Amino acid sequence: MITLVVNGREQHWDGDPSLPLLWFIRDEMGLTGTKFGCGHGFCGSCTVHLEGIAVRSCSTTLAEAAGKRITTIEGLDPAGNHPVQKAWREVNVPQCGYCQSGQIMQASSLIARNPHPSHEEIREAMAGNICRCGCYQRIETAVHLATTGA
Amino acid sequence: MFDNRIENVSRRGVLRGLGVTAGLVLAVPVMSRRGMAAYSTGADKMPHGTVNDPKVFVSIAPDGVVTIIAARSEMGTGVRTSLPMIVADEMEANWEMVKVQQAPGDEVKYGNQDTDGSRSTRHFLIPMRQIGASARTMLEAAAAKRWNVPVSEVKAAHHEVIHVGSGQKLGYGDLADDAAAQPVPDVATLRLKDPKDFRYMGKGQIGIVDLHDITTGRAMYGIDTRLPGMKYAVIARPPVTGGKVVSFDPSDALKVSGVEQVIQVQGWPWPSKFQPLGGVAVIARNTGAAIKGRDALKIVWDDGPNASYDSVAYRKELEDASRKPGEVVRNNGDVDSAMKSAAKVIVGEYYLPHLAHASMETPVATAQVADGKAEVWAPVQSPQGTRDDIAKTLGISPENVTVNVTLLGGGFGRKSKCDFVLEAVLLSKAVGAPVKVQWTREDDIHNDFVHTVSAERIEAGLDKSGKVIAWRHRSVAPTIMSTFAAGAKHQAPFELGMGLVDLPFDIPNIRCENPEAAAYTRIGWFRSVSNIPRAFAVQTMVAEIAHATGRDQKEMLLELIGPARIVDIGPTVKDFWDYGEPVGSYPIDAGRLRRVVELVAERGQWGRQVPKGHGLGIAVHRSFVSYIATIVEVAVDGKGKLTIPRVDTAIDCGTFVNPERIQSQVEGAAIMGLSLAKYGEITFKNGRVVQKNFDDFKLARIDEGPMVTNIHIMPNGPDVPPSGAGEPGLPPFAPALCNAIFAATGKRIRSLPIGKQLQSA
Ligand code: FES
Ligand code: FES
Chain A
1 MITLVVNGRE QHWDGDPSLP LLWFIRDEMG LTGTKFGCGH GFCGSCTVHL EGIAVRSCST
61 TLAEAAGKRI TTIEGLDPAG NHPVQKAWRE VNVPQCGYCQ SGQIMQASSL IARNPHPSHE
121 EIREAMAGNI CRCGCYQRIE TAVHLATTGA
Chain B
1001 MFDNRIENVS RRGVLRGLGV TAGLVLAVPV MSRRGMAAYS TGADKMPHGT VNDPKVFVSI
1061 APDGVVTIIA ARSEMGTGVR TSLPMIVADE MEANWEMVKV QQAPGDEVKY GNQDTDGSRS
1121 TRHFLIPMRQ IGASARTMLE AAAAKRWNVP VSEVKAAHHE VIHVGSGQKL GYGDLADDAA
1181 AQPVPDVATL RLKDPKDFRY MGKGQIGIVD LHDITTGRAM YGIDTRLPGM KYAVIARPPV
1241 TGGKVVSFDP SDALKVSGVE QVIQVQGWPW PSKFQPLGGV AVIARNTGAA IKGRDALKIV
1301 WDDGPNASYD SVAYRKELED ASRKPGEVVR NNGDVDSAMK SAAKVIVGEY YLPHLAHASM
1361 ETPVATAQVA DGKAEVWAPV QSPQGTRDDI AKTLGISPEN VTVNVTLLGG GFGRKSKCDF
1421 VLEAVLLSKA VGAPVKVQWT REDDIHNDFV HTVSAERIEA GLDKSGKVIA WRHRSVAPTI
1481 MSTFAAGAKH QAPFELGMGL VDLPFDIPNI RCENPEAAAY TRIGWFRSVS NIPRAFAVQT
1541 MVAEIAHATG RDQKEMLLEL IGPARIVDIG PTVKDFWDYG EPVGSYPIDA GRLRRVVELV
1601 AERGQWGRQV PKGHGLGIAV HRSFVSYIAT IVEVAVDGKG KLTIPRVDTA IDCGTFVNPE
1661 RIQSQVEGAA IMGLSLAKYG EITFKNGRVV QKNFDDFKLA RIDEGPMVTN IHIMPNGPDV
1721 PPSGAGEPGL PPFAPALCNA IFAATGKRIR SLPIGKQLQS A
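Chains as they are written, first to last, in our numbering: chain A, 1 to 150; chain B, 1001 to 1761.
The shape of chain A in the complex, shown without the other chains (with noise of 0.2 Å):
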């Protein structure tokens, strides 16, 4: 039996152990906030925290998050009013918007270390979250406006 926290809740699991976090989270518990895009760590879609650090979910198996806290885009913040997100409003950030899930994880776990970081270090930390309709710039500029209020 795997225990796990996800969202400040108590979770089990007693199925196969090497079933991708992702799989668990969006069709086991139904929080289906957290998007797949390719499965093998490449695109950043299926981001969420582990222990508040950003991880893939695709590519992190259950038994690798026994006894972890997990968060997800429906946790980060109770009123979705976290800076990341509120700077994504600002910027309207999205196109079809399947990716944002994943951005804004990593945006936020980015922050969290680095709370000023540079245009470089932005581009650098989001250049693991592919997003097809190219809202690249917004993006940036969302990460920026959260660090700096500007």
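Simulated from the structure, these hints should not be mistaken for laboratory data. Where hints are given, some of them may not hold.
Said to hold, decoys possible - Counterexamples of contact, computed for chain B against chain A with all Cβ distances above 12 Å:
(1) Pro1183
(2) Leu1254
(3) Lys1373
(4) Ala1433
(5) Trp1439
(6) Gln1605
(7) Gly1717
(8) Pro1718
(9) Asp1719
Said to hold, decoys possible - Listed next, with one range per pair, are the computed distances between beta-carbon atoms:
(10) Pro115(A) / Leu1254(B): 45 to 53 Å
(11) Asn81(A) / Glu1516(B): 54 to 62 Å
(12) Arg1603(B) / Thr3(A): 55 to 63 Å
(13) Pro115(A) / Lys1203(B): 29 to 37 Å
(14) Lys1203(B) / Glu121(A): 31 to 39 Å
(15) Gly149(A) / Ala1313(B): 52 to 60 Å
Keep in mind it's a predicted model, so treat the numbers as computed, not measured. From the three backbone atoms N, C-alpha and C, an ideal C-beta is built for every residue, glycine too.
Here the structure of chain A is known, so what remains is to put chain B with the ligands in place on it, guided by the hints.
Just chain B with the ligands, lined up with the frame of chain A:
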């Protein structure tokens, strides 16, 4: 600034009002409303045309919340915001009090829903304005009746109706029931707002309706549907298009924890339009188990007729064909003798490979088939087409099929093809439970309706003074029609009209040819379609001529476009396809093409000094009846690594509704253009797609994107017909980039992707 959440507004209480009574559908084409519109469009030629009935599109709840139907699919263009915004503006509704509701597939009720071809604004601006104006008129009439005053004394503004004399006011919620009882006004009597009174249209100051849901993970895409008792499925499909299952052994798959069933999925002989490819499905309690189960399947395949498709050999075939005469699809003057008399002939041979759509959300659909009825939840661009195809596949009537349209996690043309929905329907029927079919990224890359592959060959004959007197363009590419009809080998008018026969240049002798090309896989439309290879070839050729004659590229371009005029492509083009629009409203306007070149050159500071290793390139292209020009500044380092300090794009898309979303579409097109220019390539070997996932079908990432992207939108009055914005940004990007690379390095890119070509430079 863009947070339009309306949580503070009560959404409870049954919606009453305009939408309650059975709506009268006025499927009258825009054409017949010439009194209202300054232009006609091709909307009436689309299946089911347009509908402008406020009772279909608008309802008002007692608390004043106005619900507006979005009938077109949202895949990132902002259409779910922009079209309802038009209605809200015309009806004087406050946007904070507007709720948008997505329509299911039902074109008889809503008009055409086929969301592609960059058509939404150009076909629906007028109907949406008429809907809003009708609703406003009905609210005003209801208030006048309540007060027992002439309607001329009342005026709707800011979500209420005011009696001008007394200053009395009635809110829209108070008037909902009475307004619904009013007759729908005759469109000929409608008063549309004066554009100077627009509150939302043309301003670009409201965020997309799904913004809050997207940023909190609550937005519902196709992948997010969950039904009680739902099973999760993935399918092992034939590795070669047209292949089929010979036999399979499910025993190991069935041993995987969480796997419940393994069943064969029916396939159709190739080509089969959008029918499923067939294969073997693994049904499980979650997607992860289904994927693991599929990995354990043992399947023997018959690869079928396309098993030898090989991209290296095929490229040679296309290039050989491009060097011989082909079917003439446009002919002006006498190219052969003009070429002979030319002082110089420049030849450019260009090659552009297949591409995968790779929308971030892979194809995915959920279906529930029971009791002779089917209901699906799916991210589809063509909900009515999907409905019809489901009905046909199951042998039931379309009335028994409901297609609920979710948000689309990207579309780009892939989600116009409903094979993945049909798979879900077949599986739900077989399993007797709701089924979600999930495509993995590998499935998506291997089984796409790929963008065509093409060889483009242009010869330009110049006279002694360096003026171009002859132009021969041969375009060879497998046609999209091959997905619908076996053996189709020539491009259809809608493909020829995308940058080949509509060449807007002022050259006396022009010939366009289309040699034949057979297809060996499913070819489909991809954002901007054949404009990608045509713009690349034509705009690279212009730069090549400029270089060969020592001219400035922009000056060369303007010379070739010639004076401002309506371009006459002559009588030899059969069935000229002008993006489905009447040429009278949407002619090929050389003046507008010139003006975007001039605008981008001015704003983008064409000719500015750039550091060593940097270069500027320019390209212009008309597509989807819009005009777009792009300047790219590129920097190439000693190892051939590209960076893009700056991009400027000017777009003339006629009168516009939501400039902020036009901007985001054009910004995004630069990234998609960069992806296809640098990396974009799907290749086949032994009939199989070689690429698998984002490790070998690469996409541009944030650290490769332009440092600055400036979008300049041509201001236009309300009489200039609206035109496309979703697709036109893409075609000019790659040639502008490659022309910039030439300026920076002297290396001419004639074949995409750029890949490692700069490393040897
Ligand atoms: S789905 Fe996890 S990185 Fe792409
Ligand atoms: S917004 Fe569509 S993939 Fe990022």
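Interface-negative label, Leu1254(B) against chain A, beta-carbon threshold 12 Å:
Holds: least Cβ distance 14 Å, greater than 12 Å.
Taking the shortest Cβ-to-Cβ distance between Asp1719(B) and chain A, state whether it exceeds 12 Å.
Consistent with the label, Asp1719(B) stays out of reach of chain A, its closest Cβ about 29 Å off (over 12 Å).
Decide, holds or violated, for the assertion that all CB atoms of chain A are farther than 12 Å from the CB of Gly1717(B).
Gly1717(B) clear of chain A: closest Cβ-Cβ about 26 Å, beyond 12 Å.
Find the nearest Cβ of chain A to the Cβ of Ala1433(B) and say whether that gap is larger than 12 Å.
Check passes; 15 Å lies beyond 12 Å.
Quick one: are Pro115(A) and Leu1254(B) within 45 to 53 Å, going by C-beta?
holds, 52 Å
Assessment of proposed distance window 54 to 62 Å (beta carbons of Asn81(A), Glu1516(B)):
holds, 60 Å
Interface-negative label, Pro1183(B) against chain A, beta-carbon threshold 12 Å
holds, 39 Å
So does Gly149(A) sit 52 to 60 Å from Ala1313(B), Cβ to Cβ?
The hint (52 to 60 Å, Cβ to Cβ) holds, given that Gly149(A) and Ala1313(B) are roughly 58 Å apart.
In terms of Cβ atoms, is chain A entirely out of 12 Å range of Pro1718(B)?
Label holds. Min Cβ-Cβ 25 Å, cutoff 12 Å.
Going by Cβ atoms, does Trp1439(B) stay more than 12 Å from chain A at every point?
violated, 10 Å
When you take the CB atoms of Arg1603(B) and Thr3(A), is the distance between them in 55 to 63 Å?
Since the Cβ atoms of Arg1603(B) and Thr3(A) sit about 59 Å apart, the hinted range of 55 to 63 Å holds.
Check the non-interface label on Gln1605(B): least C-beta distance to chain A beyond 12 Å or not.
holds, 19 Å
Hint 5 from the list above is the single one not met by this structure.
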